[in-house]
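> Go ahead and model the full structure; you've got the sequences and the hints to work with.
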Amino acid sequence: TTLDEYRKHIEKDAALERRFQPVLVGEPSVADTIAILRGLKEKYEVHHGVRITDNALVAAATLADRYIGDRFLPDKAIDLVDEAASRLRIEIDSLPLEIDEVERRILQLEIERQALLKEKDKAALERRKSVEEEIAELRERSSAMKAQWQAEKAAIGEIQQIRSELESLKGEVDQATRRGDLQRAAELRYGRIPELERRLEEDERRLAEVQTKAKYLKEEVDAEDIAEIVARWTGIPVTKMMESERERLTRLEQELAERVVGQRQAVSAVANAVRRSRAGLGDPKRPTGSFIFLGPTGVGKTETARALAEFLFDDERAMIRLDMSEYMEKHSVARMIGAPPGYVGFEEGGQLTEAVRRRPYSVVLFDEIEKAHPDVFNVLLQILDDGRLTDSQGRVVDFRNTVIIMTSNVGSGIIVESGGPEDETAWARVEQRVRDELRQYFRPEFLNRVDDIIVFRPLSREDLAQIVDIQLRKLEETLAARSLHLQVTAEAREFLAQQGYDPVYGARPLRRVIQRELQNAMALELLEGNFREGDTIRVERAGDHLRLVPAAAVPEMASA
24 TTLDEYRKHI EKDAALERRF QPVLVGEPSV ADTIAILRGL KEKYEVHHGV
74 RITDNALVAA ATLADRYIGD RFLPDKAIDL VDEAASRLRI EIDSLPLEID
124 EVERRILQLE IERQALLKEK DKAALERRKS VEEEIAELRE RSSAMKAQWQ
174 AEKAAIGEIQ QIRSELESLK GEVDQATRRG DLQRAAELRY GRIPELERRL
224 EEDERRLAEV QTKAKYLKEE VDAEDIAEIV ARWTGIPVTK MMESERERLT
274 RLEQELAERV VGQRQAVSAV ANAVRRSRAG LGDPKRPTGS FIFLGPTGVG
324 KTETARALAE FLFDDERAMI RLDMSEYMEK HSVARMIGAP PGYVGFEEGG
374 QLTEAVRRRP YSVVLFDEIE KAHPDVFNVL LQILDDGRLT DSQGRVVDFR
424 NTVIIMTSNV GSGIIVESGG PEDETAWARV EQRVRDELRQ YFRPEFLNRV
474 DDIIVFRPLS REDLAQIVDI QLRKLEETLA ARSLHLQVTA EAREFLAQQG
524 YDPVYGARPL RRVIQRELQN AMALELLEGN FREGDTIRVE RAGDHLRLVP
574 AAAVPEMASA
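Residue 24 is where the sequence shown starts when you use this note's numbering, and the numbers rise one by one after that.
If you are wondering where the hints come from, they were derived from the structure by calculation, not from laboratory data. For every residue, glycine included, the Cβ atom is placed at its ideal position computed from N, Cα and C. Heads up, some of the hints might be wrong.
Computed cross-link-like contacts, PhoX-like style, restricted to lysine-lysine with a CA-CA straight-line distance of at most 25 Å [what the hints assert, rightly or not]: (1) Lys-64 x Lys-176; (2) Lys-241 x Lys-169; (3) Lys-66 x Lys-176; (4) Lys-193 x Lys-64; (5) Lys-64 x Lys-241.
Now the in silico label distances, taken between C-beta atoms and shown as ranges [as the list claims (entries may be wrong)]: (6) Gly-180 x Asp-123: 16 to 24 Å; (7) Asp-36 x Gly-180: 54 to 62 Å; (8) Asp-475 x Lys-497: 28 to 36 Å; (9) Asp-409 x Arg-570: 33 to 41 Å; (10) Ser-153 x Glu-126: 17 to 25 Å; (11) Thr-85 x Met-351: 39 to 47 Å; (12) Glu-34 x Asp-93: 22 to 30 Å; (13) Arg-228 x Glu-65: 15 to 23 Å; (14) Glu-65 x Glu-160: 42 to 50 Å.
So, in structure tokens, the structure goes:
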């Protein structure tokens with residue numbers, strides 16, 4: 024039984040307790056788990072009919088220990104091996120993907136051929152001829168592939184049968200030895216078992232020969248299979264990086280800069296943290312990265328977190344966001360980690376801890392941290408240092424695979440006053456003044472645990488021109504869903520950038536300008552039926568406002 028169950032049911036009855044001798048069984052280490060897995064390996068190989076490599080066992084123990092926090096060794100490592108082996112067994116018994124694709128293509132062409140039989144024109148006859156030729160070619164290819172697959176499957180089946188027989192004979196040897204039937208034990212150990220081992224070796228060699236032409240079946244579980252199961256259980260990418268992902272990670276700065284304009288330092292710091300983590304060089308006891316983003320409103324602090332979430336999960340909403348203005352009271356800390364025992368909501372858990380338990384690989388955004396009560400930051404200390412947090416029910420939540428981003432407007436007055444000087448020396452002085460002001464708000468032990476404090480520059484007119492393009496691209500996507508196209512002249516773009524430029528408020532006024540000058544007029548035109556599906560809306564500047572005209576009605580467009 025577990026310690027909790029023992030305390031609850033047995034310890035309270037002293038008469039019952041003294042009739043038992045408690046034996047404490049601790050969780051085995053990773054090395055012990057590997058030894059346990061090696062002992063179980065043959066039984067699982069026979070049960071699933073696949074071979075399990077030693078590096079798969081090592082990967083199961085190490086990855087389970089590193090990434091699966093809510094269960095114990097060796098149980099979680101055994102489950103990984105079991106699931107990876109059963110998945111491979113199902114793949115062996117199912118039709119391989121390559122053959123399945125050819126079969127589906129044949130079926131598709133057969134349907135097309137039947138439809139063409141009713142047609143009598145020349146084009147249909149020619150098409151039918153080419154379809155029949157393709158069907159014949161694909162059938163030939165399919166039969167060759169199936170023959171290869173059946174040969175592999177038969178060889179693997181024989182190997183599985185011999186392994187199963189070997190396992191039962193080894194069990195019989197043990198039984199014969201125990202009951203003293205040494206003649207039977209010797210007969211099996213030195214006769215039948217070596218013969219089966221020789222046959223197994225021959226069959227494995229024959230399988231290797233069959234697979235030299237083509238390989239449709241994989242009959243051994245390796246470390247990559249284990250990593251795939253871990254990735255599926257936890258959502259943490261621990262599999263080997265594909266070439267496409269390597270390329271994306273090397274140009275992560277460019278990908279983030281497409282959305283976050285004019286903040287090279289912030290983008291670079293976040294990109295380096297993600298690369299360290301995926302390359303396996305990050306500190307295994309701390310979060311992937313922890314940052315404080317400082318700067319005036321509307322310069323891209325929250326947008327950087329959104330862009331990172333979109334890069335990692337292909338969805339900018341896949342981000343755990345806590346608005347710290349909701350944590351202004353001292354007692355609101357309980358909302359983060361859960362209410363203490365005896366209080367309402369004890370069973371529900373905390374907003375932060377529950378979200379990270381469900382998605383251990385995520386971007387956690389603490390927005391506008393200066394608005395929170397100072398006691399909230401005591402909770403963050405062990406997250407930043409140890410990558411863990413204990414919730415109100417005593418469960419340890421793992422933060423080691425999260426990127427922690429905290430945003431703040433502290434010192435934004437200093438940045439706006441300075442106007443974001445181009446000169447690096449002058450900017451370094453501004454940064455120092457902002458950091459000094461930050462130290463007045465937060466304790467040294469909190470700031471000392473953060474990986475990097477990044478000061479965002481105010482947006483220049485050139486930056487805003489780029490943001491105009493980004494915002495208009497989003498509007499184009501919205502219109503494309505209604506089969507409409509957008510064409511904005513250079514003068515109109517310049518007008519939007521001029522109207523939306525405000526160094527104090529950043530890029531947010533631009534969104535309001537686009538709504539006021541463009542979207543309001545566009546909504547009215549669409550409701551009046553002036554633009555229909557397939558039309559191109561051309562946006563031109565007309566003095567101190569914008570004008571919408573159908574692109575077809577503009578004569579110079581034809582020559583353009």
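> None of the hints should be skipped; say for each whether it holds.
Here is how each hint holds up against the structure:
Our distance criterion of 25 Å between C-alpha atoms is met by Lys-64 and Lys-176, whose separation comes to about 22 Å. With a CA separation close to 15 Å, the supplied pair Lys-241 and Lys-169 stays within the 25 Å bound. Taking the CA atoms of Lys-66 and Lys-176, the gap is near 21 Å; set against the 25 Å cutoff, the hint holds. For the suggested pair Lys-193 and Lys-64, the alpha carbons sit about 14 Å apart, so the restraint of at most 25 Å is met.
Using a Cα cut-off of 25 Å, the hinted pair Lys-64 and Lys-241 holds, with the two alpha carbons roughly 18 Å apart. Taken as a hint, the range 16 to 24 Å holds for the pair Gly-180 and Asp-123, whose Cβ atoms sit roughly 20 Å apart. For Asp-36 and Gly-180, the hinted distance range of 54 to 62 Å is satisfied, since their beta carbons lie about 56 Å from each other. Range check, Asp-475 to Lys-497: about 29 Å between beta-carbon atoms, so the 28 to 36 Å window is met.
Between Asp-409 and Arg-570 the Cβ separation comes to about 60 Å, which falls outside the hinted range of 33 to 41 Å. In this structure the hint that Ser-153 and Glu-126 lie 17 to 25 Å apart at CB holds, the actual value being about 20 Å. Taken as a hint, the range 39 to 47 Å holds for the pair Thr-85 and Met-351, whose Cβ atoms sit roughly 43 Å apart. Taking the beta carbon of each, Glu-34 and Asp-93 are about 25 Å apart, inside 22 to 30 Å as hinted.
For Arg-228 and Glu-65, the hinted distance range of 15 to 23 Å is satisfied, since their beta carbons lie about 20 Å from each other. A hinted range of 42 to 50 Å for the beta carbons of Glu-65 and Glu-160 is consistent with their spacing of about 45 Å.
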